[in-house]
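A.B. asks: Protein sequences, first through last, are from chains A and B.
Numbering of the first sequence is given in this note's numbering, commencing with residue 1 and proceeding in unit increments.
Numbering of the second sequence is given in this note's numbering, commencing with residue 1001 and proceeding in unit increments.
These are computed hints drawn from the structure, not numbers from a lab.
Please read all numbers here as calculations on a predicted model, not as lab measurements.
Ideal Cβ placement from N, Cα and C applies to all residues, glycine included.
Worth double-checking, as some hints may not be accurate.
Unchecked claim - Below, simulated DSS-like cross-link-like pairs (lysine-lysine); rule was C-alpha separation at most 30 Å, straight line:
#1 B:1205 / A:83
#2 A:262 / B:1035
#3 B:1214 / A:83
#4 A:250 / A:211
Claimed, not checked - Which chain A residues stay away from chain B? Per the calculated CB distances, all over 12 Å, these:
#5 129
#6 135
#7 154
#8 155
#9 188
#10 190
#11 215
#12 257
#13 268
#14 273
#15 297
#16 299
#17 359
#18 360
#19 380
#20 398
Chain residues, written in single-letter form:
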Amino acid sequence: MCRPKSLFIYLSLMIVANVMPGRSSGQASSTATGISRTMNPAISVNGLFWGQVSRDNDDPQFNRVALQEAEAQLTAIVDPFWKASFTFAVHPAHGHQHEGAADEPEETDGTEATSGFLLDVEEAFIDGRSLPAGLGLRLGRFYLPYGKHAPLHTHQYPFAEAPLGIRMFLGDHGLTETGARLAASVPLPWFSDLTLYGVNGDAEIFDGGNKDLVWGGRWTNLWDLTGTATLELGGSAFTGPDGSHPDEGKRLDVFGVDLTTKWISATRSQGPALNVTGEVILPRPEARPGTPLGWYALAQYRFHRNWWLGVTHGRADADAQQAAKTLPPFSALKQNEHTHGFTGEVWESKVNLTYAPSEFSALRLEVDWYDDRLGDTDDLRFILQWNFTIGSHPAHLY
Amino acid sequence: MKRQTSEFLVWTRPIALVALLVCLLWPGVTVAKLKVVATLSDLGWIAERVGGEDVEVEVLCPGDQDPHYLPAKPSLARKLRKADLLVYNGLELEIGWLPLLLDAARNPQVRPGSRGELDCALALTEILEVPTGPPDRSQGDIHPLGNPHYLSDPRNGAAVGQLMAARMAELDPAAADRYRQRADGLQADIASRIGQWEQRLMVIKEHPIVVYHKQWEYLLAWLGFELIGEIEHRPGIAPSPRHVEGVIQRGRQRGGVIVIAAPWNHLDAAQKAADRMAAPLVVLPAAVGSLDGVDGYFTVFDTICDLLTTAVADG
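Given only the sequences and the hints, what does the whole structure look like? Please build it.
C.D. replies: This is the structure in structure tokens:
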């Protein structure tokens, strides 16, 4: 039987012990409720904001300061067999009009509208930890491994927005899907990985009402050119029900090839580094005529430990309907949004300067130039973007 | 039935014979070596010394690269895929890249918690600079578990050798005695050299030390050197001019300062500060392979002795 005074002293000692300096987080294992927190997941939150000014476009959407995305990520080992990761993202609602009216709390595809923002379950998956033969199994909701850019979270983008080819053909909000994917290493003398997946097909480019799954895969190959430079060649493909013509049962096949070379100086910490990437996106929609093409090439160079310079150029054949969703409304293509098929091409060029004083914050100044080659409807935009992360954020992939 | 049995034997005997030959002749089956992957070149050198001909060792971070910022190249994950044992520094030195590589390697044998992963910091009897208050990132890229650069004290290298031997013996019991003997040999070699290194560096004790990055604390503590400042005030963050000026003023007041840095530090900033203190900048080998000719763990300390004593003699 424990007397109240003894209990008080015991609790006081426990509280003092838990706030004593020098105790590691692993030792501070108990909360006020007495529940262990040592098993809590690593938690991080990222805030991404931007301010834009458009020379040619008076739309408030392109002349405002706004939250671009807030993202929370939780990662932990589930048990000896699985590791889990969740990523929740909050976006301004106006960018998601295709998924439901912004002012209606309508739930679509794991996305819920609240107070002008949409909460999106970007990722929620488990990875197998003990599969034989070096196999990797992921179950849940995840970014499809298509190309180099599509699997990136928004705060990882090398420019303020995704390349036009990605936005035009893969959707404005990424290919995040629910299903399973299996990865295996290919027995070759260099790093070679093959990933295959089958997913439901909920992204905006697919017909979510169709019962057919989306099937696809990616083959990644990487060679060490030197001790500090690599060359990566990847091929991606998927096929699924086309969302541009729902209920018609048409297929959308998309192929892609990407080539990346990276060099990071070994002679100095946070020294010079160069990343050059090119990617070609080849959609083959059964429902729309033509052989559309999208591509981009980008280069990023770290010329000082905290400073990066970026430049990119690319183009995409534009479907008027998709252009109406994806492109700034300056485009003459939007004027013709009820036209079916690929009716024109849009070019983009961007330059940015990024100041990243640490791995956890960055300030970026960017100039974007869009040209739809239709005459007098170009657009010049100036963007200031800032990005910060708190908590235990996992390192980014190479 | 008898006829069927005969046919069965006719087919299975040659197959069994071939299988037996393969088992006898295939080196991967008969003389399998323990595949060890070391994150750092120092650990790789110790693993080779302890493992000898019983192990194959690969290193992820070459000695001339800063282990804080190693790019997590998929080609490094490939090395981990077939590893039986991963030996790593720990104390979160490799936090920026090793978890990514382990995920990409998909090798359950070396995942955290398995017998095939070895946190070498477990060998330490004392960890320096464990934060006394709650750490946060206003302090830069600090290591919440303490300063991870413990291999700059050779006594810790000997302890790590013993730890590796115990784990190698566990994974490869047939060679257990050999692992232990080699680890004992390493410990004896280090013990026999420590006195010489301390003797040679005795003259440095009179000189206050300024470092670029908080990387030499174990070396300084072992030798009893006096640290009076760091040019990089907060790890991983570019120092402010005001902070550098403060370090320079402190160095000028004390006089006789030596500035030391690792090869991958921002040496131009270190050189400017050293010049203003009228102090020599000495670029020390921070790991095996970090400078030309530094091809072993003992050579690291031999070279440190050479460079520091030369700097003082020239000074």
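A.B. asks: Could you run down the list of hints and mark each one as holding or not?
C.D. replies: Against the structure, the hints:
1. B:1205 / A:83: violated (50 Å)
2. A:262 / B:1035: Status holds; Cα separation ~29 Å.
3. B:1214 / A:83: Violated, because 34 Å separates the two Cα atoms, which is more than 30 Å.
4. A:250 / A:211: holds (12 Å)
5. 129: Incorrect as stated: the minimum Cβ-Cβ distance to chain B is 6 Å, not above 12 Å.
6. 135: violated (7 Å)
7. 154: The assertion about residue 154 of chain A holds, with a minimum of 20 Å to chain B.
8. 155: Per Cβ check, residue 155 of chain A is outside 12 Å of chain B; nearest 16 Å; holds.
9. 188: Answer for residue 188 of chain A: violated, closest chain B Cβ roughly 10 Å.
10. 190: Nearest chain B Cβ is 7 Å from residue 190 of chain A, so the label is violated.
11. 215: holds (22 Å)
12. 257: holds (18 Å)
13. 268: Its Cβ does come within 12 Å of chain B, the nearest being 5 Å, so this is violated.
14. 273: Not fine: 9 Å to the nearest Cβ puts residue 273 of chain A too close to chain B.
15. 297: With a cut-off of 12 Å, residue 297 of chain A remains clear of chain B, as the shortest Cβ separation is near 21 Å.
16. 299: Since the minimum Cβ distance to chain B is about 17 Å, residue 299 of chain A lies beyond 12 Å and the statement holds.
17. 359: Answer for residue 359 of chain A: violated, closest chain B Cβ roughly 8 Å.
18. 360: violated (6 Å)
19. 380: Holds, since 33 Å exceeds 12 Å.
20. 398: At roughly 5 Å from the nearest Cβ of chain B, residue 398 of chain A sits no farther out than 12 Å, so the non-interface label is violated.
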